[in-house]
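Q: Protein chains in written order, with my numbering: chain A, 1 to 235; chain B, 1 to 245; chain C, 1 to 226.
No incorrect hints appear here.
Each pair of labels, with its calculated beta carbon distance range:
1) C:C21 to B:L51: 40 to 48 Å
2) C:V66 to A:R19: 48 to 56 Å
3) C:G3 to B:W151: 15 to 23 Å
4) A:D129 to C:S130: 24 to 32 Å
5) B:T243 to C:G174: 35 to 43 Å
With a straight-line Cα cutoff of 27 Å, these simulated BS3-like cross-link-like pairs (lysine-lysine) come out:
6) B:K192 to B:K157
7) B:K157 to B:K143
8) B:K142 to B:K192
9) B:K157 to B:K142
10) B:K157 to B:K190
11) B:K142 to B:K100
12) C:K14 to C:K175
13) B:K100 to B:K88
14) B:K143 to C:K175
15) B:K142 to C:K175
16) B:K157 to C:K14
17) C:K175 to B:K157
Treat the hints as calculated values from the structure; they're not laboratory data. All figures in this text were calculated on a predicted structure; none of them were measured in a lab. Every residue, glycine too, gets a C-beta built ideally from N, C-alpha and C.
Residue-level listing of the chains:
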Amino acid sequence: MSTMELDFAIHKTLRSGQRRFTLDVDARVSGQRIVLLGPSGAGKSVTLKAIAGLMAPDAGHIRLNGQTLFDAASRIDLAAQQRNVAYVFQDYALFPHLNVRQNVGFGLKRGWFNPGAGQAQAEVDYWLDAFGLAAMAHQLPAELSGGQRQRTALARALVAKPSALLLDEPFSALDEALRETMRDELDALQKRLRIPMVLITHDPADAARFGDVVLHLRDGKVVCRTLGRCEEAAP
Amino acid sequence: MLRPALACALLAITAHAGAADLLVSAASSLTNAFNELGSSYEAAHPGTKVLLNYGASGALLQQISKGAPADVLATADQETMDQAAAQKLIDPSGRRDFVKNTLVVVSPLDGRIALRQLSDLTRLGRVAIGAPASVPVGRYAKKALEEAGLWTAVSPKAITTQNVRQSLDYVARGEVDAAFVYATDAAQFKDKVHLAFTVPLATAVRYPVAPVQASAHAMEARRFIDYLRSPAGQAILGRYGFTQP
Amino acid sequence: MNGPAAIALLLSLKVALAATCINLVLGVGAGFILARSRFIGRDVLDSLLTLPMVMPPTVLGYYLLVLLGRRSALGAWLQDSFGFSFIFTWQGAAIAAAVVGFPLVFKPARAAFESVDGQLEQAARVLGVSGFSLFFRVTLPLAWRGILAGLLLAFARAMGEFGATLMVAGSIPGKTQTLSIAVYEAVQAGQDSLANELVVLTSAVCVAVLLIAGRLAPGRINGARP
Chain A
1 MSTMELDFAI
11 HKTLRSGQRR
21 FTLDVDARVS
31 GQRIVLLGPS
41 GAGKSVTLKA
51 IAGLMAPDAG
61 HIRLNGQTLF
71 DAASRIDLAA
81 QQRNVAYVFQ
91 DYALFPHLNV
101 RQNVGFGLKR
111 GWFNPGAGQA
121 QAEVDYWLDA
131 FGLAAMAHQL
141 PAELSGGQRQ
151 RTALARALVA
161 KPSALLLDEP
171 FSALDEALRE
181 TMRDELDALQ
191 KRLRIPMVLI
201 THDPADAARF
211 GDVVLHLRDG
221 KVVCRTLGRC
231 EEAAP
Chain B
1 MLRPALACAL
11 LAITAHAGAA
21 DLLVSAASSL
31 TNAFNELGSS
41 YEAAHPGTKV
51 LLNYGASGAL
61 LQQISKGAPA
71 DVLATADQET
81 MDQAAAQKLI
91 DPSGRRDFVK
101 NTLVVVSPLD
111 GRIALRQLSD
121 LTRLGRVAIG
131 APASVPVGRY
141 AKKALEEAGL
151 WTAVSPKAIT
161 TQNVRQSLDY
171 VARGEVDAAF
181 VYATDAAQFK
191 DKVHLAFTVP
201 LATAVRYPVA
211 PVQASAHAME
221 ARRFIDYLRS
231 PAGQAILGRY
241 GFTQP
Chain C
1 MNGPAAIALL
11 LSLKVALAAT
21 CINLVLGVGA
31 GFILARSRFI
41 GRDVLDSLLT
51 LPMVMPPTVL
61 GYYLLVLLGR
71 RSALGAWLQD
81 SFGFSFIFTW
91 QGAAIAAAVV
101 GFPLVFKPAR
111 AAFESVDGQL
121 EQAARVLGVS
131 GFSLFFRVTL
141 PLAWRGILAG
151 LLLAFARAMG
161 EFGATLMVAG
171 SIPGKTQTLS
181 IAVYEAVQAG
191 QDSLANELVV
201 LTSAVCVAVL
211 LIAGRLAPGR
221 INGARP
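Using the sequences and the hints, build the whole thing.
A: Below you can see the structure in the form of structure tokens.
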């Protein structure tokens, strides 16, 4: 399966001191690659976190490929670890005390102990080779370049065979020159693996490249949706 | 012309300060008695302030030996005062015995074992005794037990305390089954502890007092010591259970 | 080193180690709970838990005596059921030292846990690791330096504990007379040379502990940034 059915209605009020932000989005989309586009503060990250199970909405529902991940009315709220989605953070959130191999293999190991520093594992080795990380498998995240870190984060996310890949501004931490290269890589990777992905960004170039369906978010609401090529929505 | 006036003023101030404070270091068992004695002495001698410093006799000796500015030392046993004399800390010509006390054994109010004599202590679990190295009541207790041939039997049960009040507190709380204290302290605490029996001692418990050698108020110190031995002073001490020396 | 000094040293080490182990569980646990949960009165609870650091040890000793003594509910139950009392035992001394040192572990532990990036814990959750696994694999490895600093302070504090210990455990040579109490009694009895020997011994042990700690966890412990 590579086409994803995503059906969500998320209502959430966030308070920070005096400021209040209300997220009120709903959409039913299907596609292989879904993009949430909008300026910063529009609510993209909150939406993605809700889908991942890292934040519980006040009301609404989230259904992925027919499975209910969250439903306020029926009191269903699957924990993040049970949703079988992968999440790549904006600054990658690599575990600083584990090397590349251990980071990538992290989700495969259950229990109270991390994978060993030199322990070989078939799936981990596969992904290290696929991303060209084998040479630096023993290095710590602090010793890697931006592009290497992103690949490590992606490998870590993919190794557990998730049903969907959620990406939070995957290219914003990279400089311009690197961004185009990484877009090509992600594009090729997604096409090869056929894993459905939801990507959030403020960069229209990302939406242009990856948006089978593009949802435009502004101030916590979906203001328009486009298929295929994206036109900048009227402000 | 100003200078003689200034000198006179300074002299007056220091002379006044000199007459004001008398620091008396006294054994803990004298606490309540000396509090009253201090106030009545101040009333009888206006302009003098009596400052009281209490502790185990051994601790008081250490303080003076290290330079504490006490004027009078009153201990609970002869041995501590002998040590003070040996270290030349007191003026031996002013040393006097001023009260007598009795050693008793007390037990918790809800204690189940009847205690009538020293040998009954061997049936108990814990007995509070002052540290013999520095606390006179502990020395007396040890001497009494040695005289009765019971020291080896009782010393494993001993909980050493730093002063009589600590021993009394443990008995009041039921943490120990008995304690060696002074009759005067037992009287003070009579609604919290039960007085079991008086401990026989070969030599009586006599408290000595002496002026401290390094004191700057030698005359005042001797006057205070005389007051302790006067009928007025003895009457106050008698009220707290002390007897004449 | 003579006999009584060696006995007092071993006793001090035993008590300090036990007290630090108690705080390893309680102090770190409390630090974690207060770092991660949000409830009304959290700051009040934090202040209450920090109180032992500012209270005079003799006051703490008094409270412990009231709470653990034979007349208390807990003490009476222990006495009746097991014939055991904390008072006048090295276990009581360990509790006194643990109470006194608790804030020294709790506060750095809380700060250490708060400094762990929440996103890392979120990442672990999405990857399927949560609960105790998450704590031991991600949170603790990133917080352990700060926690260790607190534990060492608490150990040194326990080595030197005096006021509360004296009230709760008394001063029984070989059973509860720790190094610091032995120093006090030696001074009281005018045994200056013994007192000096004990003081030098206590100081040497504490300096050694802190030096070893500096080796184990360089950087943050000594104040410099890693």
